[in-house]
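Undergrad: Sequences are here, hints too, so could you generate the full structure?
These protein sequence lines are chains B and L, in that order.
The first sequence maps to residues 1 to 269 in the UniProt record's numbering.
The second sequence maps to residues 1 to 243 in the UniProt record's numbering.
I should point out that these hints are in silico values taken from the structure, not numbers from a laboratory.
It is possible that part of the hints are untrue.
[Claimed, not checked] Cross-link-like lysine-lysine pairs, in silico, BS3-like; alpha carbons within 30 Å at most:
id: 1; chain 1: B; residue 1: Lys52; chain 2: L; residue 2: Lys19
id: 2; chain 1: B; residue 1: Lys217; chain 2: B; residue 2: Lys52
id: 3; chain 1: L; residue 1: Lys70; chain 2: B; residue 2: Lys79
id: 4; chain 1: B; residue 1: Lys217; chain 2: B; residue 2: Lys176
id: 5; chain 1: L; residue 1: Lys3; chain 2: B; residue 2: Lys69
id: 6; chain 1: B; residue 1: Lys73; chain 2: B; residue 2: Lys249
id: 7; chain 1: L; residue 1: Lys19; chain 2: L; residue 2: Lys70
id: 8; chain 1: B; residue 1: Lys134; chain 2: B; residue 2: Lys69
id: 9; chain 1: B; residue 1: Lys79; chain 2: B; residue 2: Lys69
id: 10; chain 1: B; residue 1: Lys217; chain 2: B; residue 2: Lys249
id: 11; chain 1: L; residue 1: Lys3; chain 2: B; residue 2: Lys104
id: 12; chain 1: B; residue 1: Lys235; chain 2: B; residue 2: Lys214
id: 13; chain 1: L; residue 1: Lys3; chain 2: B; residue 2: Lys52
id: 14; chain 1: L; residue 1: Lys3; chain 2: B; residue 2: Lys73
id: 15; chain 1: B; residue 1: Lys69; chain 2: B; residue 2: Lys124
id: 16; chain 1: L; residue 1: Lys97; chain 2: B; residue 2: Lys134
id: 17; chain 1: L; residue 1: Lys3; chain 2: L; residue 2: Lys97
id: 18; chain 1: B; residue 1: Lys104; chain 2: B; residue 2: Lys52
id: 19; chain 1: B; residue 1: Lys73; chain 2: L; residue 2: Lys19
id: 20; chain 1: B; residue 1: Lys176; chain 2: B; residue 2: Lys79
id: 21; chain 1: B; residue 1: Lys52; chain 2: B; residue 2: Lys69
id: 22; chain 1: L; residue 1: Lys19; chain 2: B; residue 2: Lys69
id: 23; chain 1: B; residue 1: Lys73; chain 2: B; residue 2: Lys104
[Claimed, not checked] Label-pair distances were calculated between CB atoms; the ranges are:
id: 24; chain 1: L; residue 1: Ile34; chain 2: B; residue 2: Gly35; range: 22 to 28 Å
id: 25; chain 1: B; residue 1: Phe11; chain 2: L; residue 2: Ile229; range: 28 to 34 Å
id: 26; chain 1: B; residue 1: Lys214; chain 2: L; residue 2: Ile41; range: 33 to 39 Å
id: 27; chain 1: L; residue 1: Phe42; chain 2: B; residue 2: Gly19; range: 57 to 63 Å
Because the structure is a prediction, the values reported are computed rather than measured.
Yeah, the Cβ is synthetic: ideal placement off N, Cα and C, and Gly gets one too.
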Amino acid sequence: MIEVHNVQKSFDGNQVLRGINCTFETGKCNLLLGGSGTGKSVLLQCIVGLMKPDIGSITFDGTVFTNNKVDIKQEIRRKIGMLFQGSALFDSMTVAENVEFPLKMLMTEMSREERLDRVEFCLKRVGLENAGNKMPSEISGGMKKRVGIARAIAPNCTYLFCDEPNSGLDPLTSIKIDELIHEITHEYGITTVVVTHDMNSVVEIGDHIIFLYKGQKLWDGNKDEILNAQVPELKEFIFSSSLVRAAKKVDDETDGGLAAATTDEAINI
Amino acid sequence: MVKSFGEFLLFIQSMLFRKERFAVLWSRTVDECIIIGVNSIFIVSIVSAFIGAVTCVQIAYNLVNPLIPKSTIGYMVREMTILELAPTITSIVLAGKVGSSIAGGLGTMRITEQVSALEVMGINSASYLVLPRIVAAMLMFPLLVILAMSLSIIGGYLAGSLTGALSAQEYIEGIRTDFVPYNIVFALIKSVVFAFLVSAISAFKGFFTSGGALEVGAASTDAVNNSIIAILVADFALAAILL
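TA: Now the structure itself:
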């Protein structure tokens, strides 16, 4: 479980995070939802240690991360896997070498054979067992995201962070990536935090959703509760999507859950 | 400027503090030695051979007094090459080639979040990415300077002989006159200092790039400009201190 206590962050007097308090639950896909410029990515960077909050603290399973000793921070960081928005694969390495890299650097007790077995397993898990010898420049955006996930889970991470995993992907590939993140989270019981503004992801994988607005947490709940949330800013955000509006219409007419309204039905409306 | 210098010192400190495992750094250093050293042999060879040749021809052109022996041309080529041209010009050439490559490479890694990926994994990115480059440069620059010295003197020999400015015997007599071995040591000390300046300044510029492709280009340009200025300032300082 990751706990965020009163995290504040500002840049040149512009306060981006205004005292965020939230909890990311273990074994669940926790979504940080919000529009552009609401501080989702800044919060994520504060959590993983790429930025230091001005005020507040972050704890990982009871161990304080912010302002702790370097050794303890390193220990926590080694349990973190992260999928970046642009995948952040190392250009000079093949796909397999990218996945092997954290094992080589962090798990020095592993033999080369064990590392290669793990790489093969991880690539197979994300459906890229035949892409190991390719360079990142030779694979598609969706494949890069899969490699990013494989690299993140390779060292048996406890916490998985995904920064807008669907950005730049077509809807079908986005759904596949969402499904993969969801499956991996539940399969390994890890704490996953996904930064997104994609309502499809909310419906697909939102076990626990935190809605940020202007640097503040306005709402949290799950995907079944979100449509009935009585927060005007959240409603405005959700129903800005014509697809969701259409799905809601189907939902009202059929008196069923949103999950029952398929994308096809929504499009037909 | 003072702020930038302070940030530069902190950057160097962060690289030395919490270093990665020796085996990892060694492997990275060997890779960088190939990129910085072996891949620069061609350009250094061409530049130094022609500089030696041009130096020889131009000295011969200016040395019209019949009372001065022609072997002086060889002597002057040697002195200029060892003391100044080989270490300084080679380092300036390498500032263009290696410096821009280091700044561009690190800048691209920064804007594509590869540096962040290393940090998130708990790897000291400065130590992993920058330290091997600096060590490799400090190992390779002196070797390239030795190569440049040799080829420059050979270039002068060929130019002198082919143009008829002086005979081969006169040239060899000149380059053997009043040889001071310390000058070689001085040149190598200079090359190590220049290597550090070029690699560290370029890495600093690249490592803290923010923005996009344009900023990466700007960081490369800044890296080369600042490295060349640093080389020239250090050249003067070392000459004043060590000679």
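Undergrad: Please go over all the hints and tell whether each is borne out by the structure.
TA: Quick rundown of the hints versus the structure:
no.	hint	result
1	B/Lys52 x L/Lys19	22 Å, holds
2	B/Lys217 x B/Lys52	19 Å, holds
3	L/Lys70 x B/Lys79	72 Å, violated
4	B/Lys217 x B/Lys176	28 Å, holds
5	L/Lys3 x B/Lys69	27 Å, holds
6	B/Lys73 x B/Lys249	48 Å, violated
7	L/Lys19 x L/Lys70	55 Å, violated
8	B/Lys134 x B/Lys69	39 Å, violated
9	B/Lys79 x B/Lys69	16 Å, holds
10	B/Lys217 x B/Lys249	28 Å, holds
11	L/Lys3 x B/Lys104	37 Å, violated
12	B/Lys235 x B/Lys214	15 Å, holds
13	L/Lys3 x B/Lys52	20 Å, holds
14	L/Lys3 x B/Lys73	28 Å, holds
15	B/Lys69 x B/Lys124	37 Å, violated
16	L/Lys97 x B/Lys134	29 Å, holds
17	L/Lys3 x L/Lys97	27 Å, holds
18	B/Lys104 x B/Lys52	28 Å, holds
19	B/Lys73 x L/Lys19	15 Å, holds
20	B/Lys176 x B/Lys79	25 Å, holds
21	B/Lys52 x B/Lys69	14 Å, holds
22	L/Lys19 x B/Lys69	16 Å, holds
23	B/Lys73 x B/Lys104	20 Å, holds
24	L/Ile34 x B/Gly35: 22 to 28 Å	48 Å, violated
25	B/Phe11 x L/Ile229: 28 to 34 Å	31 Å, holds
26	B/Lys214 x L/Ile41: 33 to 39 Å	58 Å, violated
27	L/Phe42 x B/Gly19: 57 to 63 Å	59 Å, holds
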